[in-house]
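**Q** As a plain string of letters, each chain reads:
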Amino acid sequence: MSCSSNSPNSGGCGGGGCGSGSGGHEHGMDRRSFLRTSSVAVAGVAALAASLAPLRDLTDVGTAEQFFQKHYKKLTPEDMEKVLARITREVEKQYEVRPHVRDYKAMDGVEFVYALNLTRCIGCRKCVHACVAENNQSRNPEIQYIRVLKMPHGSMDPEKGDHNYTSELVPEKGSFYMPVQCQQCVNPPCVKVCPVKATWQESDGITVIDYDWCIGCRYCEAACPYFARRFNFTKPSIPKDQINPNMSYLGNRPRPQGVVEKCHFCIQRTRAGKYPACMEVCPTGARKFGNILDPDSEVSHILKTKRVFIQLKEEVGTSPRFFYYFDV
Amino acid sequence: MKAERKTPLVLSILTISFLILAATFLTDIWGKSAQLPEIPPVDPSFTKTATARVSAEELYRTKGDTSMLECYGCHEQGKELTLKFDEDHNVILPDEHDDIIMAHGTHNRNNNCFNCHDEHNLEVLQTRDGRTVKIQDGHDLCGSCHGPTYRDWLAGIHGRTSGFWNVSMGEKHRETCTACHDPHQPKFLPRKPAPGPNPLRPVEVKHSEGKAH
Amino acid sequence: MIKAAKNYLTFLARCGRIAFVGDWRYYAWMGALTLVCLVGLNAYAKQLVHGLITTGMTDQVSWGVYIANFTFMVGVAAAAAMLVIPVYIYDNEELHDLVIFGELLAVAAIIMCLLFVTVDLGRPDRFWHMIPGVGEFNFPGSMLSWDVVVLNGYLLLNVHICGYLLYCRYQNRTPSKWFYIPFVFIAIGWAISIHTVTAFLYVGLGGRHFWNSAIVGPRFIASAFTAGPALIILALQVIRKVTEYRITDKALLTLRSIVQVSMIINVFLLANEVFKEFYSKTAHVASAEYLYFGLHGFSGLVGWIWTAVAFNLIAMVILILPVSRSLKWLDVACVLAIVGIWIEKGMGLVIPGFIPTPLGEIVEYTPSWNETLVCLGIWAFGLLCYTIFLRMAIPILQGKLSKSSETQSVPDTTPAPITSQV
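Chains as they are written, first to last, in this note's numbering: chain X, 1 to 328; chain R, 1001 to 1213; chain Z, 2001 to 2422.
Because the hints were derived from the structure by calculation, they are not lab data.
Keep in mind that the hints are not guaranteed to be accurate.
To be verified - Cut-off 35 angstroms, straight-line C-alpha distance, at most; resulting in silico cross-link-like pairs (DSBU-like, lysine-lysine): (1) K304/X - K93/X; (2) K306/X - K1187/R; (3) K1048/R - K235/X; (4) K1172/R - K1187/R; (5) K160/X - K1048/R; (6) K1048/R - K313/X; (7) K1006/R - K304/X; (8) K1006/R - K173/X; (9) K2276/Z - K192/X; (10) K1192/R - K235/X.
As the list claims (entries may be wrong) - Covered stretches of chain X (chain R as the covering partner; in silico rule of three or more C-beta atoms under 8 angstroms from a C-beta of chain R): (11) 48-55; (12) 126-139; (13) 191-202; (14) 282-296.
Every residue, glycine too, gets a C-beta built ideally from N, C-alpha and C.
Okay, chain X solo, but in the shape it has when bound (with noise of 0.2 angstroms):
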């Protein structure tokens, strides 16, 4: 009711002004609600550009390499080798530390398993920092893979575990330590759930991720059973003398801001025939590692002597290539 005015009029006016501002009739009222409405909008452009402001902040944009570079897959060698001097450069360029970046591949016959010793863990963390330092973690905010949960005795059910402990000394009487990081599942939840494809199975069992093509929806942190992926918040921050520059694209290759990351077994270790850096730096052996398809390897050894092992969450159908086990 209220709203009746005079339309033909206000609404010309109006009209005129914003939909083409050809409307400048020779009439005083028509000039100045011209102004006005030319106001508005020279008004809403300049907060329409003040909104951008935080732009100005954004300090390494893409370029256009960067921008239109292939699924890891779509690669040609020749394709590769360019993206790996890229990314020394931009090592180089950050850390000012000369980097080794290769694409290592998987190896034929090989599929590896990892076995954890919940008799020998005594929950020392090294292994979470050992990881960190390996595989070019942020420092701050804290990105770390592994978790080691403080156990009752008893019980293996992850929800009784205590992810934050500050014991003087361990271990501690009536607990055990469970060590848990990406399990490497047979049927991976996370690959599955993936829109575009930027996580994926490799022939020696290893899940890995193209940091170049994950577009961040982490759909696959929900989608873990084991809460193994981490994201990167913000741009993650590494201090320059503590780079590893032994690096691979699919492993510890510095990860860009707004990416998911997550164990890789130490690709640019083990596909070099080495042993993991969370394994190197276990003081009590609880951890071993190895190729499964190879009868002798001591995850074999393993698997086929040891009465008790398990593969976390058994009932997800996730399917683990990672075992914890027992000794006697």
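Given chain X, put chains R and Z in place with the hints provided.
**A** Same frame as chain X, but now just chains R and Z:
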């Protein structure tokens, strides 16, 4: 006609609002994003791969200081040693050996030095079935009692292994028993754990996170 | 051919122009929405620079209000079908012309959905990786890629139906049935699918017991068919008030009966879920326990969910009682239902699914200011879109904006039908 005058008024208010908003954006009055809380750097010792202790084997291999293992620097060769025990049948160690804590096995069953050391040649070890074993081959001695563990160790599934899982690409190194266990006190000693995870958003500062001023 | 294209462009240009014309209330409303949009855009610019650290999300709670709002808006979009079904399947004449309003709401809602997903991405610059053929589209493996397909498909369907019907009305010719009736029926099935697929996004995750329940899909549909028509009831009343477009009370009451039945089913399904969780009390009850009663001293969502439950129950009671035949009470019930279901989708479904984590850690989630501003911006943008759509559609439906008025009016003297109450 009243409504007619309202349109210009609204437009003017909008112009002013847009300009104020633009100024607010430019001065960034809502503040920068909250600073991340400090995370102290982790003690580098936690990333060191050194074994818990240095075994005799390692000392000989790396040509380290083995003087500790040269018994006849102090002991007299050929002279028979007699052990003294207290009323609880604990062996009484001389002051020179007060760094040793005798805690191998439960119920005090293993507190006789010559269960492992050869009383005729202190620089070697002896098994229960009478074989002598060089000190740097201690795992043979350990294995003579700890059968299942020895078997696991031989298969590489007990104790530390490092280097290359793929022996065609490099050397695999297996640590011996005494690289982790003190033979006199073999239980793996408790140690200080590395710091736990730092949350992305500490609960205490959660409320100041919402950075509206 | 060229003439047809020219005609169509003229139509678009006139529609575009009319969006800038209105009375003072229209300017105030659009101006206010634009202001909020800009605040949201500014907040998003900050997020773009600093990353999702500007939100309240963590690795533990990796989805927050963005995805919660997305889920809710998918429901609103799907609810357009609740206007279409009575008209095209049961030949309800009362709602016939209102279908357009529902479908325009669906279009606005889908635009909001797409925005909510985009702001949730860590790398929006890589959106093209999702374009089939150009990027690497994980179809049919990923439920998210299904969602991309069904949402964009639904958007196209509704844009086509609305656009075609309005253009025909503009040209004052009878729409050819072959050109839209098949699409209407596809859109009905499609509407169900968009919300089912969105539910499957959650249901498909075996590691999240709170979501891994077959009832989530039906619950989504029931709640969508409650909140959506409730929103349309409110929207129609606003349209009736500010324009002279005639909408009968009977039409609103037809929608009431839809909301009524859906709400009863919604509450019934909720009760089923609650029974299953708390009677069996398996190890998987942790999330539900956290949601309803708090867990290990953490109880961030308890207040929210009981508010939602109370709102839903009160709305249901009002809707069942004859009192809701009066529009005043119906409006109260609608508002309660919308707020209740909005909470239920976000605080009641998305967030507790992450708490505790699969490893039993409890990290609570509160949206940050920046995140909230981005959400408000998207809501404002959605309303802005819907208002513009209505601003264009209503004069066309009234016959005030038509091809016949093209010749006689110079652009700058286009009448403003919305305000013309003679």
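**Q** Compare the structure with each hint and give your call.
**A** Status of the hints after comparison with the structure:
1. K304/X - K93/X: violated (49 angstroms)
2. K306/X - K1187/R: Holds. K306/X to K1187/R sits at ~22 angstroms (cutoff 35 angstroms).
3. K1048/R - K235/X: holds (27 angstroms)
4. K1172/R - K1187/R: holds (26 angstroms)
5. K160/X - K1048/R: holds (30 angstroms)
6. K1048/R - K313/X: holds (32 angstroms)
7. K1006/R - K304/X: Violated: K1006/R and K304/X sit about 85 angstroms apart, past 35 angstroms.
8. K1006/R - K173/X: Violated, at about 78 angstroms.
9. K2276/Z - K192/X: holds (28 angstroms)
10. K1192/R - K235/X: Holds. K1192/R to K235/X sits at ~31 angstroms (cutoff 35 angstroms).
11. 48-55: This one holds; 5 residues, not fewer than the three required, reach chain R with a Cβ under 8 angstroms.
12. 126-139: Coverage by chain R holds here, the residue count being 7 at a Cβ distance below 8 angstroms.
13. 191-202: violated (count 0)
14. 282-296: Answer holds; 8 residues pass the 8 angstroms Cβ test.
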